[in-house]
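Protein chains in written order, with the numbering used here: chain A, 1 to 344; chain B, 1 to 256; chain C, 1 to 374; chain D, 1 to 234; chain E, 1 to 292.
Worth flagging that the hints you see were computed from the coordinates, not collected in a lab.
Where a beta carbon is used, it is the ideal one built from N, C-alpha and C, also for glycine.
Accuracy of the hints is not assured; some may be wrong.
In the PhoX-like style, the derived pairs of lysine-lysine whose C-alpha atoms are separated by at most 20 Å in a straight line are [what the hints assert, rightly or not]:
{"id": "1", "chain 1": "D", "residue 1": "LYS96", "chain 2": "E", "residue 2": "LYS286"}
{"id": "2", "chain 1": "E", "residue 1": "LYS88", "chain 2": "D", "residue 2": "LYS70"}
{"id": "3", "chain 1": "A", "residue 1": "LYS328", "chain 2": "B", "residue 2": "LYS127"}
{"id": "4", "chain 1": "D", "residue 1": "LYS96", "chain 2": "E", "residue 2": "LYS163"}
{"id": "5", "chain 1": "D", "residue 1": "LYS74", "chain 2": "D", "residue 2": "LYS63"}
{"id": "6", "chain 1": "B", "residue 1": "LYS66", "chain 2": "A", "residue 2": "LYS334"}
{"id": "7", "chain 1": "D", "residue 1": "LYS126", "chain 2": "B", "residue 2": "LYS13"}
Covered stretches of chain E (in silico footprint by chain A; criterion: 3 or more residues with CB under 8 Å from a CB of chain A, positions within the stretch not fixed) [stated by the list, open to error]:
{"id": "8", "region": "76-84"}
{"id": "9", "region": "88-100"}
{"id": "10", "region": "103-115"}
{"id": "11", "region": "218-227"}
{"id": "12", "region": "233-245"}
{"id": "13", "region": "264-272"}
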Amino acid sequence: MKSINFLKKAWTGVIEFIAMHQIPIMIILIIIVTAFPFLTTNKYFLRISTLCLINIVLGLALNLVQGYMGQMSFATVAFFGIGAYAGALSVMRLGLPSLAAMVFGMVTAAGFGFLIALPTLKLKGYYLSIVTMGFCEIIRIVEMNWQELTRGSLGIMNIPSVTIFGNKLKSGRANYIIALIILVIVTILIKNLVNSNFGLSLKSIRDDDSAAETMGINIVHIKRVNFIISAAICGFVGAFYAQYVTFIHPSSFTSAVSQEYIVMIIFGGLGSIPGTFLGCIILTVLPELMRGLLQYRLLIYGALMVIMMNFMPGGLLGNLDLKLIRKKILDRRKKTERKGGGGE
Amino acid sequence: MNANLVVTGLTQKFGGLTALNDVNMEVRFGEIVGVIGPNGAGKTTLFNIITGVYQPTAGTIMLNEKKINGLKKYEITRLGFARTFQNIRLFKQMSVLDNVMMGMCCRSKASIFDNLFNTPKKRREEKLQEQKALEILETMGLLDYKYDSPASLPYGEQRRLEIARAMATDATILLLDEPAAGMNEQETADLLITVSKLRDSGYTIILIEHDMKFVMNVCDRLYVLNHGELICAGTPGEVKTNPDVINAYLGKEEEE
Amino acid sequence: GCGEKKEETSSGDAGTSEGTEAAGNAEGTVKIALYGPLTGNNAQYGLTYQATLNALCEKVNSEGGINGRNVEVVVYDDKNDPKEALNVANLIVSDPEVVAVIGSQTSSPTLAAAPVFEEAGIPMITPQASHVDITPTGDHIFSISCLATFEGGVIAQRMIADGYKKVAAIYANDDYGLNIIERWKTDVTEAGLEIVDVEEYISGQTSDFTPLLSKIKEAGAEAVYIVPSYADTAMICTQMGQLDMDIQKYACSMCYTDAFLEAAGEASEGTKVCNFIYPETTDETFIALKKLLNEKTDMENIDVYATNSHDAFMLLVDAMKEVGTDGDAIVKWLSNVKDWPGACGPITFDETRHPEKQLFWFQVEDGAFTYIGQ
Amino acid sequence: MSILSVKDLKVRYGGIQALRGISLDVNEGEIITLIGANGAGKSTLMNSIMGLVPKAAGKITFKGEDITKKETRKIVKSGVILAPEARHIFPGFTVKDNLMLGGYFGSTSENEKELETVFTLFPILKERIHQMGGTLSGGEQQMLAIGRAMMAKPKVLMLDEPSLGLAPLIITDIFKLFGRIREMGVTIILVEQNARMALKTADRCYVIESGRIVTEDTAENLLRSDTVVKAYLG
Amino acid sequence: MFLQQIVNGLTIGSTYALVAIGYSLVFGVLRLINFANGAEYMLGAYFIYVLMMRFGASAPLAVPLAVITLGAVGYVVDFVGLRRLRKKNAPRMSALISTLGVGTFIENAIQIWVGTETKAFPNFLNFGKITIGKTIISGTQIFIFITCILLMLAVSFVVYKTKIGKSMLAVSQDQMCAKLMGIDVSLVITLTFVAAAMLACISGVLVGSYYQNIDTNMSFIVGMKTFAAAVLGGVGSLPGAVLGGLIVGLAESIGASYISAGYRDAIAFAILIIVLLVKPSGIFGKNNVDKM
Ligand SMILES: Nc1ncnc2c1ncn2[C@@H]1O[C@H](COP(=O)(O)OP(=O)(O)OP(=O)(O)O)[C@@H](O)[C@H]1O
Ligand SMILES: Nc1ncnc2c1ncn2[C@@H]1O[C@H](COP(=O)(O)OP(=O)(O)OP(=O)(O)O)[C@@H](O)[C@H]1O
Ligand SMILES: [Mg+2]
Ligand SMILES: [Mg+2]
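Given these sequences and hints, build the entire structure.
So, in structure tokens, the structure goes:
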């Protein structure tokens with residue numbers, strides 16, 4: 001009992017410390033992760049860490065819809081896939097340069113996002129979930145069947161690697177850095193977004209949508225824009241992913257994979273950016289660490305999921321709002337100062 | 001003086017039930033108008049229609065001679081209406097301050113790009129919003145709770161927070177549904193002062209309340225509904241002595 | 001071609017890793033990596049590989065290993081998923097002790113991972129993947145299996161020879177099915193047969209074939225080529241029975257397994273199945289392998305998964321016995337093998353780095369396969 | 001004889017100490033009322049008697065039996081009934097179904113009879129008998145919540161702000177009703193913001209401030225006490 | 001052929017319907033998608049397989065045994081996965097992940113236990129065939145359809161007409177308040193899980209015996225389609241679940257034969273989406289009025 005209390009206190013202490021020193025901590029972290037690929041030559045580490053970065057981006061995009069808007073969506077991976085295919089095809093058939101292909105992937109995914117958001121966002125709760133799941137399946141089935149375009153289940157191979165200023169970046173290191181840059185930009189954008197009026201509107205829709213609408217929020221519009229932003233992010237990384245792995249296949253874009261992302265962000269904590277980071281990293285690395293367990297791997301993974309939820313139902317950092325904590329601490333300090341000043 | 005809000009021939013049917021029947025009503029700028037009546041008389045329904053939750057079966061609602069029924073909920077709010085709810089509906093996972101700031105979102109001038117890129121314009125706006133939100137919290141006496149979760153607030157404070165949130169939408173007309181419910185007499189008295197102050201600072205207020213002491217003291221005029229029909233309208237003094245009203249609503253044994 | 005484009009870092013990697021291996025590991029074990037589905041829906045195949053290789057590995061080591069060095073098989077799971085396969089491939093190439101790779105079972109995880117091995121200069125032999133695009137990845141990539149198109153042609157010939165006029169086919173639109181069906185269609189049409197219906201479906205998520213079968217029935221086919229693996233074929237046979245469809249069935253080599261007979265039961269009667277293995281064969285390699293696996297594992301009848309993984313492994317072992325553990329040397333040796341004694345016939349890699357093989361025909365009679373010719 | 005007694009009850013919500021050691025005794029057949037400012041802990045006290053919130057310390061006995069750790073359902077079965085704050089009616093059930101669920105342990109015929117009593121009290125509920133609970137007006141829901149609690153034929157009836165949202169006429173009615181129910185031998189614990197009304201009906205009263213009982217006296221005395229009048233009666 | 005396709009569609013539809021009832025039941029009570037439902041369905045089928053093919057049990061012994069065992073599994077799922085969460089008033093999302101974890105566990109346990117290759121399943125529902133014109137209807141198909149309807153009626157009776165059913169519905173609306181009525185909330189939830197698992201088991205067995213084949217793929221696909229079916233019919237509505245299942249089945253079968261077999265699942269989902277756009281709460285779903 002006492003030790004638990006102590007742990008809790010230590011935990012709040014750590015969180016408060018982080019909340020108060022966000023910017024220096026961010027800088028140190030960015031330096032560490034930027035330096036990482038120069039410290040190792042191990043391709044596998046690079047591959048897994050690049051995957052982590054990509055997964056975090058997808059997790060953040062999903063979190064925007066699920067954590068902040070409160071709608072479980074299976075469409076993340078569909079948009080990711082659309083971006084990947086659009087990116088790959090635009091490089092291979094249209095000869096677009098890499099960055100243009102990523103933008104193309106982003107626009108295509110956003111377009112699809114717009115299309116399905118148009119009618120479906122009037123739906124709520126599980127009704128929306130199932131529609132996104134259906135959408136994900138439909139997209140995958142199209143990828144499977146439209147063989148002239150996508151080569152169906154043969155997958156698209158030999159996708160040219162990312163090219164920047166005419167240089168092909170084939171090494172894991174270069175791709176890692178690009179993924180990192182994408183992640184940093186996406187994180188900043190999403191952080192801005194959720195800390196703005198737009199973010200407030202999203203959260204209020206999550207908590208009580210009719211009340212939100214009565215408070216003057218055009219919920220359909222906000223939901224749609226949010227959905228499209230999320231889709232666009234997924235599409236962008238999708239196009240990058242295609243050029244990074246150089247081989248894409250419909251089986252990577254199923255609703256089962258979407259489910260994995262849902263698990264990641266719930267595990268990390270819905271509606272929390274650091275939570276998404278943590279959840280995505282842990283659940284990308286953990287299965288890799290458990291490789292040695294062979295067929296027992298997923299068995300244990302399932303059990304861990306149950307145990308984790310039982311002990312931390314809100315996820316690791318559910319609804320952790322560093323900004324709010326920071327404000328609270330500053331407020332507390334101000335008060336004590338004032339009291340102290342009054343005493344003198 | 002011109003009437004600001006004019007309700008004519010308002011009728012609302014739910015299946016076989018007529019919740020409102022041919023209700024006419026006028027609210028003038030700067031007034032506090034009370035709507036009273038027995039339980040199930042249709043008061044909340046009236047609010048729901050004005051704020052666009054229901055589309056009325058018949059009748060019109062005009063604001064400054066412009067028809068507003070048929071508009072969407074959020075459009076009506078942007079015209080300057082804001083309301084509180086009989087069953088408190090705060091945003092439970094947001095802090096008290098955010099609950100208030102959220103009310104200002106509908107007036108935000110920042111585009112989605114301003115929000116995404118955290119432009120100076122957005123930052124300036126946000127700063128102003130926060131300042132204003134803190135002011136509103138201060139008026140409602142909620143400043144100490146600003147970073148708390150609304151669920152942990154006592155019931156009475158939650159009602160005040162609802163009013164604060166409504167004020168934040170920059171409304172000119174506040175619709176308060178039983179603002180004093182669940183408050184003790186002291187708190188009701190405080191609320192009375194707050195509401196009067198709001199009127200003085202330029203709000204038009206329509207309120208539903210069962211606490212007669214409160215209603216009689218704060219309202220300029222009263223409308224009384226019974227079974228969806230308007231049975232009486234007038235100053236508190238007139239209404240208090242109207243036999244129909246006494247029969248249907250107040251009861252005879254007014255002791256105090 | 002690919003070798004020249006290699007970036008500095010990666011070729012540097014390969015260099016150092018081989019350097020350390022040559023210096024520090026001369027007396028140590030030789031690692032051969034196996035990756036394949038050990039979990040998920042195709043796990044049985046991956047597990048067969050694993051069991052076969054383990055048995056063989058033990059045998060090779062007990063007979064003195066590779067010039068005195070022990071062989072070790074390191075196993076990785078790819079869940080039959082291209083994404084996982086890529087992870088695994090990177091994991092394998094980052095282990096400097098791995099000399100050669102065997103994997104995977106189907107084409108997409110193989111396709112996904114092959115470029116990684118090619119780039120790292122590690123020879124890879126896939127026991128099963130038969131897609132035409134696999135070996136063109138680079139000259140380090142070999143396959144023990146015939147090109148998928150080969151089987152399509154053989155089955156078409158059989159149908160033609162059996163004298164059917166109206167034929168139909170049902171296939172899963174996976175890499176295997178897509179490859180095979182094109183060849184079959186061309187061959188059959190060239191011979192003047194009428195294709196009355198070709199039905200495709202998505203593998204792995206279809207268990208109800210009645211709509212497709214009803215269509216084939218309606219189209220009046222006399223014979224049907226059932227392309228997919230034994231499980232789906234069994235289900236198709238059963239459902240054909242339920243629909244009273246009395247049509248000659250042709251099935252692929254993957255169906256030559258007891259599991260198929262068991263799963264399809266009576267409905268499998270009369271089905272013609274082709275196979276690379278002729279069980280009464282007198283081939284020494286095959287008999288030795290069967291004996292070994294009967295002893296060391298619970299496999300009774302050995303299938304192509306066992307024979308092909310055997311071939312892949314033993315080819316690598318033989319290569320290393322002769323030319324050591326250098327990747328390029330192994331590749332060179334493999335390219336030059338001639339009539340190497342494989343478990344289903346001699347192996348010679350042609351310019352596509354696939355071998356050519358012979359197919360045998362069987363028909364299901366009274367719940368057993370009966371040989372009906374080559 | 002005290003039918004329900006609470007000893008040194010402490011309740012915590014996370015970091016907030018909602019009850020800091022409450023003790024009270026309720027005698028059979030009396031009406032007691034709890035008054036206190038918003039957030040004093042009145043609802044928390046009732047909820048913890050019902051076993052709805054975990055207790056940090058303390059003991060609750062009903063008819064001499066320890067019910068501190070009992071499940072809510074068993075407490076309900078033994079006759080302690082709560083009409084909770086904020087109504088909590090079942091929005092997807094009709095008025096009738098809501099009421100019938102109130103008599104969960106009773107037989108159907110008993111419930112039908114009881115139903116009639118509730119309807120004579122709140123005639124409007126009879127008019128709305130097939131309407132969904134969720135679409136009722138606020139006051140109608142409140143009547144439904146009170147009616148539903150009565151359906152259970154309680155031995156101890158706890159009412160958390162029963163007058164919330166009710167029209168004045170109805171309020172006088174229900175307070176009269178409480179008198180009548182008491183006559184039938186039912187013990188009533190009442191939490192009210194309308195303290196004057198409550199004190200007039202009640203026998204005894206506890207005043208709660210920030211999770212502690214600060215005053216305990218007969219209702220008559222308190223009505224005359226200056227401090228209480230000043231603090232709670234305005 | 002059209003009639004044949006209808007018959008085929010109705011048969012798969014009924015098997016979806018059976019699982020969908022289980023979904024709807026749990027959803028109706030807990031507002032929770034039970035992701036373990038698909039795994040339970042698979043476990044039921046595998047259990048029969050092991051009992052009959054490995055231990056040689058006869059069908060009349062094996063089926064009840066499996067159904068009872070699955071009931072126990074349902075209990076364990078609730079006990080291990082959800083009871084603690086309930087006590088903590090955890091958000092619904094975590095319960096969902098918990099069931100997903102249990103599902104993953106069960107599926108992989110089966111793969112390790114029995115192996116992943118497709119298994120021949122005993123055909124103990126062989127009742128012959130009827131031929132009407134060109135249309136063939138097998139006894140199995142009729143049996144499956146009737147079982148589905150009977151079970152739906154039985155479960156509907158329990159839910160809509162009995163006290164325990166009323167308790168279930170009460171729990172679904174307001175757990176705290178249900179407790180205050182004297183309802184044993186935990187028991188009700190556990191019972192729901194047990195019943196849902198048993199239903200899943202029955203449909204697993206029926207499906208296995210219809211196709212005479214089971215594989216480890218069966219849970220995810222069926223889980224997804226029946227989830228769709230339950231939503232299509234209106235989650236929480238039992239007749240809705242059955243109707244949804246039948247519609248998905250028919251859509252698949254007719255879509256596969258007249259539009260494109262490759263796109264069959266896409267067609268089923270497209271229909272789902274269209275229906276939801278027209279009727280956002282599903283066919284029999286109630287539109288929740290949100291009274292302010
Ligand atoms: N959506 C609806 N469907 C059916 N009936 C409704 C609906 N909304 C309200 N009613 C009915 O209309 C009548 C008026 O309800 P309303 O909520 O307006 O009453 P009210 O005057 O606010 O009463 P109170 O003072 O009790 O809150 C009530 O009898 C209620 O049951
Ligand atoms: N679920 C909860 N989580 C956290 N704090 C709570 C919770 N419920 C109540 N509290 C806190 O516990 C204290 C007592 O609350 P309680 O609801 O018992 O007061 P009350 O006397 O009933 O007030 P009211 O008159 O507003 O109903 C308050 O400070 C409140 O903020
Ligand atoms: Mg009302
Ligand atoms: Mg209270």
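Verification of the hints:
Proximity of LYS96 (chain D) to LYS286 (chain E) is assessed by CA-CA distance (about 19 Å); at most 20 Å being required, the pair is judged to hold. Of the pairs offered as hints, the one joining LYS88 (chain E) and LYS70 (chain D) holds, with about 17 Å between alpha carbons and a cut-off of 20 Å not exceeded. The suggested pairing of LYS328 (chain A) with LYS127 (chain B) holds, with an alpha-carbon distance near 17 Å, which does not exceed 20 Å. For the hint linking LYS96 (chain D) to LYS163 (chain E), the alpha-carbon distance of about 14 Å falls within 20 Å, and the restraint holds.
At most 20 Å may separate the alpha-carbon atoms for a hinted pair to count; LYS74 (chain D) and LYS63 (chain D) meet this at roughly 14 Å. The straight-line distance between the Cα atoms of LYS66 (chain B) and LYS334 (chain A) is roughly 49 Å, outside the 20 Å bound, and the hint therefore fails. This hinted pair checks out: LYS126 (chain D) and LYS13 (chain B) have alpha carbons roughly 19 Å apart, not beyond 20 Å. Counting residues of the region 76-84 of chain E whose CB lies closer than 8 Å to any CB of chain A gives 3, so the stated coverage by that chain holds, three being the minimum.
For the region 88-100 of chain E, the proposed coverage by chain A is satisfied: 10 residues have a C-beta within less than 8 Å of a C-beta in that chain, meeting the threshold of three. For the region 103-115 of chain E, the stated coverage by chain A is satisfied: 9 residues place a CB nearer than 8 Å to a CB of that chain, which reaches the threshold of 3. A count of 3 residues in the region 218-227 of chain E with a Cβ less than 8 Å from any Cβ of chain A is obtained; the coverage claim is therefore met, three being the minimum. Requiring three or more residues with a Cβ within less than 8 Å of a Cβ of chain A, the coverage given for the region 233-245 of chain E is violated, as only 1 such residues are present.
For the region 264-272 of chain E, the stated coverage by chain A is satisfied: 5 residues place a CB nearer than 8 Å to a CB of that chain, which reaches the threshold of 3.
Hint compliance for this structure: hints 6, 12 are not met, and every other hint is.
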